[in-house]
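S.K.: The whole structure should be built from the sequences, with the hints applied where relevant.
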Amino acid sequence: MESIGRTMVGREREREVLSDFVTASGGRALVLRGDTGVGKSALLEHVADLAAAEKHRVIRAAGVEAESELPFAGLHQFLYPLLSHIDRLDDVHRRVFDVIFGRTEGTPPSVMTLGIAVLDLLSLAASQNPLLLVLDDGQWLDASSIQVCGFVGRRLTGSSVKLVVVLRSDLPSGFDTAALPELPVTTLSESASERLLDMHHPGLDQRIRRLVLDEAHGNPLALLELPPYVRGNRAARTAEELFGYTGIPLPLRLQQVYGARIAALGDAVRAELLRGALDGVGAGTAADRPGSTHYRMMEADEAADCGLLDIDPLTGNFVFRHPLVRSTAVQLATPNERRAAHAVLAQVHHDDLERRATHLAASVVDPDEEVAAMLEAAANSAVPRGGAMAAVAWLTRAAELSESHEERSRRLGSAAYIAGHSGQLDQAQRLVRAGTGAGSNDSPASVVASAYVALFEDGDVRSSQRQVFAAIESMLDSGVREPDELLTRLVDLLLAINQYASDKTAWERSHELLDPLGDLVSTYSRIYQDAWGDVVRRGAGVHERVERAFAGVHEMEPWDATRLGVAAYHVDTLSQYRPALQRTVDREVETGALADAMTMLHLIMLDQIAVGEWDEAERTGQRCLELTTTHRHALFVHHTQAYLGLLAALRGEADRARELQAMVDAWARPRGVGFLTQITDTIGTTAALTEGDYEAAYLHAIGITPPGTFEPYAHQAPRTLLDLVEAALHTGRTEQARTHALAARDAGLPDLSPRLALTTYGALAMTATDPTEADQMYHQAETHPAATRFPYELARIHLAHGIRLRHTHGPKAARHPLTLAADTFQRLGAPTWAERARAELRTAGASPLASSAHLAALTWQERRIADLAAGGLTNKEIGERMHLSPRTVSSHLYRVFPKLGITSRAALRDALGRLSSDQNV
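Take 352 as the starting number for the sequence shown in our numbering and just add one per residue.
Please keep in mind that the hints were generated in silico from the structure rather than gathered at the bench.
Derived pair list, reagent style SDA-like, types lysine to any residue, alpha-carbon separation capped at 20 Å:
| id | residue 1 | residue 2 |
| --- | --- | --- |
| 1 | Lys1250 | Asp1261 |
| 2 | Lys406 | Pro432 |
| 3 | Lys1227 | Ala1257 |
| 4 | Lys1227 | Pro930 |
| 5 | Lys855 | Pro1057 |
| 6 | Lys855 | Gly1059 |
| 7 | Lys1227 | Arg1215 |
| 8 | Lys855 | Pro1021 |
| 9 | Lys855 | Asp811 |
| 10 | Lys406 | Leu475 |
| 11 | Lys855 | Phe820 |
| 12 | Lys406 | Gln479 |
| 13 | Lys406 | Ser474 |
| 14 | Lys406 | Pro481 |
| 15 | Lys855 | Glu1062 |
| 16 | Lys855 | Gly1054 |
| 17 | Lys855 | Gly1023 |
| 18 | Lys1250 | Gln1212 |
| 19 | Lys1250 | Glu964 |
| 20 | Lys406 | Leu433 |
| 21 | Lys406 | Arg379 |
| 22 | Lys406 | Ala375 |
| 23 | Lys1250 | Gly1180 |
| 24 | Lys1227 | Gln927 |
| 25 | Lys855 | Arg889 |
| 26 | Lys855 | Pro1058 |
| 27 | Lys406 | Ser478 |
| 28 | Lys1250 | Ala1262 |
| 29 | Lys406 | Thr374 |
| 30 | Lys1227 | Arg1256 |
| 31 | Lys855 | Arg877 |
| 32 | Lys1163 | Asp1126 |
| 33 | Lys406 | Phe372 |
| 34 | Lys406 | Ser370 |
| 35 | Lys855 | Leu865 |
Simulated restraints on C-beta separations:
| id | residue 1 | residue 2 | range |
| --- | --- | --- | --- |
| 36 | Arg439 | Arg411 | 18 to 24 Å |
| 37 | Gly892 | Glu836 | 23 to 29 Å |
| 38 | Glu1046 | Ala1258 | 46 to 52 Å |
| 39 | Arg446 | Pro664 | 55 to 61 Å |
| 40 | Glu824 | His756 | 22 to 28 Å |
Cβ coordinates follow ideal geometry from the N, Cα and C atoms, glycine included.
M.R.: Spelled out as structure tokens, the structure:
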């Protein structure tokens, strides 16, 4: 059973015992005892093969239940192949066999008489070759044969005969008192189970593979039989299975493993087993821990006595002996019995909203508004804790139980909305169709889901935008006067579509529609409205509003956390929220709610790019690309590729950057996805700057926004401020550069975000003609409290400052900012920029290798932590400032010390001081 051909999987201990058994001198007997399907027959085949290899003659017999009442039927199977030797026996023993085989009439011999005759026959037959007698299903052997086999088995010492008997552990047998040596046959180990399953059923879906392993629990028969049946049944799960069905449908052969014993139980005990199974009581003696809230099966000793239940030694509660018992108990129950059990369990869990709702939903057939409302409440409580997948199922069931068409449509719309945010676009579409089957495809609830699918599945911003505008206007025309969940969903979706479209006309129409609505538009939606569209003109105070909103992130729906994260990106404060996003994204990916997780991964990647963790950003981007590609979210695929292209451009990987730029642009531009086409223009700008092609960089930059202004609703316009200014300066367009820098100041960019403050001050410094102003602006940029959070931009400002100082104050003054720039570019992994800074250092008469030798191996994050630790901050204080755990800070310092050639925290200040001395040479 657990073998392929004659290759045994696992069973090392059993194989060793059987090998010793076969090769041992003299005769002996052995009983193999175990549960049905556990692999006893496979071991029987194995021992037969071992014996054949040792030149034994193998004689087989098998107990048959239908013959268990026929005297000597089993013995006849064993001895029939040896009939030719009977004529060589003496007359007394020959007459014994004649009587029991019906050749002559006479009084049946005693067990001892017959046993001695059998021993004599076996000895005669084994005189030429040793014998191995193998008996399968010995529990079904007739009583007379069992007595004789037991008598013979105890007296094989000194002979050339061996006997192996296989018994089921759940059935009594005469062999139980035969006093023969036993080898217990238990389930396979986890590793052996995995090998057996993978050999027989390679390429199983991981979810199904795990399900089979858990359900089989080491039973080889289940490992071999379940996969085809599971694959054929998982797509057609009923509503009842979603609400409390524990285990999986079993083929008939596996039902029979425990089915007869369950059917033989009294009604009350079977009902207890069913309630335990439906409430998820575990299997195995360590299944339920103290404090478990699973149903406690009572007065079920009858089930324990027949091997269906065990007792957990820690809790004293009944648990299922094997997962197959649990599944069989459910499968053998009638629908009415299952519904009655669920009704009881709903009362047991009266104080647990989600479990009570789950069991109530499975206990009713007809519409029931009270149960539907409870399911909806359970769904609402599950989503913030990562239960989006369960929420979709609960809302779908709530819709089925709704008593009015309006409530049914509303709940299906909510299910579709959550399904879309969870990445289940196909499910969302099915729910939309179900919700509009008797109504209009233009209903607001259906528009939420259908427009969401159109946007994220294929980037259809135009038609989805029209749909959502019409749905909002329809709701307002119908007289909505109070905050409404459906209206909020439509508004948030409209803002998301607008962000991707980046179309001025659509945004202005949205503001005209939403601005007069007051409290009908939620506080969160107002943040999205101001941050996602035109942060230059509407971003004042967004940073503070995002911070206040994120204070309640633990109670927040995952999509609200995601959207607030997008708002934080637009005002460059992502770093302080990244830990919360990271926790949420890990949970959402683990639970299969992928759409919000994809956006969170984008945000994490963007923050990693901003703070200089470029290797980590690459890994995050590749992880996101794999998720988006696997789940066929075309918009997210190209969005991820755009960020990967931008990162490649920053790192000087021009060919890869332009390949991704072209791919994204070709997909996004025909669809009008302006958010992505702006990023492709930024990729072109960044790649050209990295290569020193300033004319091309300038042309790309002005494609985003003209100099001297910031194109409305172009999110990359303020973000490419420094790019446009540098490209203009290097191409002799000093007037345009200065005009753009002044426009940034006049637009109040420094007040909107720390990054924009840094780049505005840098742009003003680079374009200043007055030396005093230039010095002031460089000082303001380089000493800005948040400057080190944006190392790439800061290093570019250091580089420009160093070049200016070399011309105005001489080489020595230039070395410090140039060294800082060279070190930072090196740590970031921007080799072209690093070489540019080193060339300037050489011109300034310094050796870049000598000046950066101390810290060349440090990452940017390690350098920042080292600086803070040298300043006297504790690991906890550093962690709070950098949004890391104290343990992570400690790990970074552990790596920093050998790189700096020191062994203690106290030596950090001197090590960093030596660097400063070198830089001022």
